[in-house]
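Asker: Model the placement of chain D on the given structure of chain C, informed by the hints.
Heads up: the sequence lines are chains C and D, in that order.
If you read the first sequence in the working numbering, its first letter stands for residue 53, the second for the next number, and so on.
If you read the second sequence in the working numbering, its first letter stands for residue 53, the second for the next number, and so on.
Possibly wrong hints are sitting among the right ones.
Only pairs whose alpha carbons sit at most 20 angstroms apart, straight line, appear in this in silico EDC-like list of lysine to aspartate or glutamate [as the list claims (entries may be wrong)]: (1) Lys109/D with Glu333/C; (2) Lys109/C with Glu331/D; (3) Lys109/C with Glu157/C; (4) Lys242/D with Glu331/D; (5) Lys279/D with Glu345/D; (6) Lys109/D with Glu157/C; (7) Lys109/C with Glu345/D.
Computed spacing ranges between beta-carbons, pair by pair [to be verified]: (8) Asp105/C with Glu139/D: 33 to 39 angstroms; (9) Ala409/D with Leu282/C: 56 to 62 angstroms; (10) Ile398/D with Asn188/C: 55 to 61 angstroms; (11) Ser359/D with Glu177/C: 48 to 54 angstroms; (12) Ser323/D with Asp105/C: 18 to 24 angstroms; (13) Leu386/C with Asn399/D: 26 to 32 angstroms.
Just so you know, these hints were derived from the structure itself, not from any lab.
Where is the CB? At the ideal position from N, CA and C, for every residue including glycine.
Protein chains: 2
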Amino acid sequence: MNKKAIALMAACAFLLSACQSDEPETKETESVGEETETTSQLSGDYYSAIITDGTYKTSLNRGVTLGLNSTVNLKAFETGLMELSQEHFSPDSYYFQEGQYITTETTNNWLNRVSEDNPDGLNPEDNGKVEPDERNPIYLNSLLEQDYMVQTDDGFKLGGISIGLAMNSVDYYKKVQFGAESETKISQDKLVEEGKKMADKIVQHLRETEGVGDIPIVVGIFEQSTKDNLAGGVYITQAQSDDGSTSLTDWETINQKKVIFPTSGESNELSSFENFKAEIESFFPNLSGVTAEALYTDDQIMNMKVSINTQFYGESEIIAFTQHVSEKASSYLLPNIPIEITIKSINGTEAFLAREAGETQFYTHVFD
Amino acid sequence: MNKKAIALMAACAFLLSACQSDEPETKETESVGEETETTSQLSGDYYSAIITDGTYKTSLNRGVTLGLNSTVNLKAFETGLMELSQEHFSPDSYYFQEGQYITTETTNNWLNRVSEDNPDGLNPEDNGKVEPDERNPIYLNSLLEQDYMVQTDDGFKLGGISIGLAMNSVDYYKKVQFGAESETKISQDKLVEEGKKMADKIVQHLRETEGVGDIPIVVGIFEQSTKDNLAGGVYITQAQSDDGSTSLTDWETINQKKVIFPTSGESNELSSFENFKAEIESFFPNLSGVTAEALYTDDQIMNMKVSINTQFYGESEIIAFTQHVSEKASSYLLPNIPIEITIKSINGTEAFLAREAGETQFYTHVFD
Numbered sequence: 053m054n055k056k057a058i059a060l061m062a063a064c065a066f067l068l069s070a071c072q073s074d075e076p077e078t079k080e081t082e083s084v085g086e087e088t089e090t091t092s093q094l095s096g097d098y099y100s101a102i103i104t105d106g107t108y109k110t111s112l113n114r115g116v117t118l119g120l121n122s123t124v125n126l127k128a129f130e131t132g133l134m135e136l137s138q139e140h141f142s143p144d145s146y147y148f149q150e151g152q153y154i155t156t157e158t159t160n161n162w163l164n165r166v167s168e169d170n171p172d173g174l175n176p177e178d179n180g181k182v183e184p185d186e187r188n189p190i191y192l193n194s195l196l197e198q199d200y201m202v203q204t205d206d207g208f209k210l211g212g213i214s215i216g217l218a219m220n221s222v223d224y225y226k227k228v229q230f231g232a233e234s235e236t237k238i239s240q241d242k243l244v245e246e247g248k249k250m251a252d253k254i255v256q257h258l259r260e261t262e263g264v265g266d267i268p269i270v271v272g273i274f275e276q277s278t279k280d281n282l283a284g285g286v287y288i289t290q291a292q293s294d295d296g297s298t299s300l301t302d303w304e305t306i307n308q309k310k311v312i313f314p315t316s317g318e319s320n321e322l323s324s325f326e327n328f329k330a331e332i333e334s335f336f337p338n339l340s341g342v343t344a345e346a347l348y349t350d351d352q353i354m355n356m357k358v359s360i361n362t363q364f365y366g367e368s369e370i371i372a373f374t375q376h377v378s379e380k381a382s383s384y385l386l387p388n389i390p391i392e393i394t395i396k397s398i399n400g401t402e403a404f405l406a407r408e409a410g411e412t413q414f415y416t417h418v419f420d
Numbered sequence: 053m054n055k056k057a058i059a060l061m062a063a064c065a066f067l068l069s070a071c072q073s074d075e076p077e078t079k080e081t082e083s084v085g086e087e088t089e090t091t092s093q094l095s096g097d098y099y100s101a102i103i104t105d106g107t108y109k110t111s112l113n114r115g116v117t118l119g120l121n122s123t124v125n126l127k128a129f130e131t132g133l134m135e136l137s138q139e140h141f142s143p144d145s146y147y148f149q150e151g152q153y154i155t156t157e158t159t160n161n162w163l164n165r166v167s168e169d170n171p172d173g174l175n176p177e178d179n180g181k182v183e184p185d186e187r188n189p190i191y192l193n194s195l196l197e198q199d200y201m202v203q204t205d206d207g208f209k210l211g212g213i214s215i216g217l218a219m220n221s222v223d224y225y226k227k228v229q230f231g232a233e234s235e236t237k238i239s240q241d242k243l244v245e246e247g248k249k250m251a252d253k254i255v256q257h258l259r260e261t262e263g264v265g266d267i268p269i270v271v272g273i274f275e276q277s278t279k280d281n282l283a284g285g286v287y288i289t290q291a292q293s294d295d296g297s298t299s300l301t302d303w304e305t306i307n308q309k310k311v312i313f314p315t316s317g318e319s320n321e322l323s324s325f326e327n328f329k330a331e332i333e334s335f336f337p338n339l340s341g342v343t344a345e346a347l348y349t350d351d352q353i354m355n356m357k358v359s360i361n362t363q364f365y366g367e368s369e370i371i372a373f374t375q376h377v378s379e380k381a382s383s384y385l386l387p388n389i390p391i392e393i394t395i396k397s398i399n400g401t402e403a404f405l406a407r408e409a410g411e412t413q414f415y416t417h418v419f420d
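Chain C extracted, bound-state conformation (with noise of 0.2 angstroms):
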């Protein structure tokens, strides 16, 4: 994958999440006894799914995600892989179903540590240490599978499959039963070759699973961001294989990371968040916190995506701080990229503003 694609990747991805739904659209497919429909694409960028019998069909694994270190893990994790499918089964094409094919029994075999009982296990023995540099540690948190299917005259069949492997970069533990949490940091050269033999071992399991066959199958491996970071990591390499190939050869590096404003972030676009920053504190007292998410590709910023968490006491005093944010953030936020401002209290989501690439006003809303 070339470097403009990954850009464009990033860019199509986040539009994702802020867009006018296309005029819906149900394709319906009778196979014997059920009926399957397919949900309406929110927009050119997301995948409709397929319901059968008007019942969404989840994962076989349902739930291993919850297993993160934090939900803008979770998010990050599963819309990532997502935008990296998107690259080999094109929405336009490819219909999504949850994983189908790898069971909860197996997915528990493979994150749990390789021994006598679980000679699946792909994390490490048990060594016995229990220091952070000499134990060994778990490197595979989390598993995702993500179907993509394909139409045809008799209903819809498999056309693709991606893996997203979610690696630790910290593996937190526990020395002793109820004991303080202990770290062991793991290096990225360390979890990215740990991942692609993992990876190698998925692939082969999965090309003798019923069904596949030999179709493309994606695997992108995933760096989780740590329990106290506020963004959700970043897919970091991805390969496919194809025609029932039974490994991955050609690993792409993806140039990807998230920074959140205002501990972190590049000059230009630190200094354009903290004057928004500015302007939007002096505007109450009692402002408690203004932060920024924002993504990197290949350097280039790609989206922002900032938080309000604030005190009211009142409605009028939401729906007037949202027309300023909302000014303000026309003044100051960098052009050209895609923003999503929410704005929370105590009671939850108090208003929300977006702006997709290339507009020049956001979309407003104040829940009242």
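Answerer: Just chain D now, kept in the frame of chain C:
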């Protein structure tokens, strides 16, 4: 106010909450030593608010509306008064400012019972009784002042005042300290009668307040909903005092009500909602609640706010579910009225959809 005007007002009012912002428009006026600007209007239906030296001026009695029965009442009380004010003070030529003429002290005196120590109390004296039907209930729960400003060559000056009186339909009280909560029910006729008497006293007070002079004063009587009601209250009657008059005479009834589906609701709208609900509920096995609040004016449905609460196991589910909701809402919910749909999980707002009157498509946003 004739019926058409009320209906139009209610329809417009809802638009406030979901709108593409107009081109930001900031007007600056210099007065001695301080810089006054205004927020941009989010739409023609919102007022621009006045900002002085970059700071929003909160009301003198800030926080008093927090004493209402619920957050939905607080929001309905404040936005309801803005909506009602639009008929008297056009957002095209008036600017919004929180109340600067009624102090916290005056407000507290008014809200307390009348007594020797508190001759200004608007609530009745304590007659010493504790039984629900024997005691004098607290009629007036909260009071809201909104100032509507006009721009002159010398800066902004007061052009009108709106006063909201939040009346109890149920007065919650305790017979003994730390005891169980008891309730005195108050009929609508009674609370309107009491509210009108209070309104006259408030207008008299304002006419004697420096700076008010003979500008128009609008008073709206709001019947707050009970604690167990998911819907907020509504304004039920209003009057305007002109030319410095110290009493209000031409009270006009506002025929509005808020209805929660599916627990109540008119037959036609209810069956449309129930079809929608059934389609949504089959999507997942674990959907925990689909409800809606609808506003009726003169027995015509004006808008609908749908709340969907559910347990999610992953982001893919949220995206697919939002697509599904968008499609089913277009098919099943009433056309031609504004609709807002919020999808929440334990993590907060996961997605929201909104459609304005006259549109066929929903604006959709998934928070990822």
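Asker: Hints first: check each against the structure and report whether it holds.
Answerer: Going down the list of hints, with the structure as the test:
| no. | hint | in the structure |
| --- | --- | --- |
| 1 | Lys109/D with Glu333/C | holds, 14 angstroms |
| 2 | Lys109/C with Glu331/D | holds, 15 angstroms |
| 3 | Lys109/C with Glu157/C | holds, 18 angstroms |
| 4 | Lys242/D with Glu331/D | violated, 44 angstroms |
| 5 | Lys279/D with Glu345/D | holds, 15 angstroms |
| 6 | Lys109/D with Glu157/C | violated, 60 angstroms |
| 7 | Lys109/C with Glu345/D | violated, 30 angstroms |
| 8 | Asp105/C with Glu139/D: 33 to 39 angstroms | violated, 51 angstroms |
| 9 | Ala409/D with Leu282/C: 56 to 62 angstroms | violated, 38 angstroms |
| 10 | Ile398/D with Asn188/C: 55 to 61 angstroms | violated, 34 angstroms |
| 11 | Ser359/D with Glu177/C: 48 to 54 angstroms | holds, 49 angstroms |
| 12 | Ser323/D with Asp105/C: 18 to 24 angstroms | holds, 23 angstroms |
| 13 | Leu386/C with Asn399/D: 26 to 32 angstroms | holds, 28 angstroms |
In the structure shown, a violation is registered for the earlier hints numbered 4, 6, 7, 8, 9 and 10, in ascending order.
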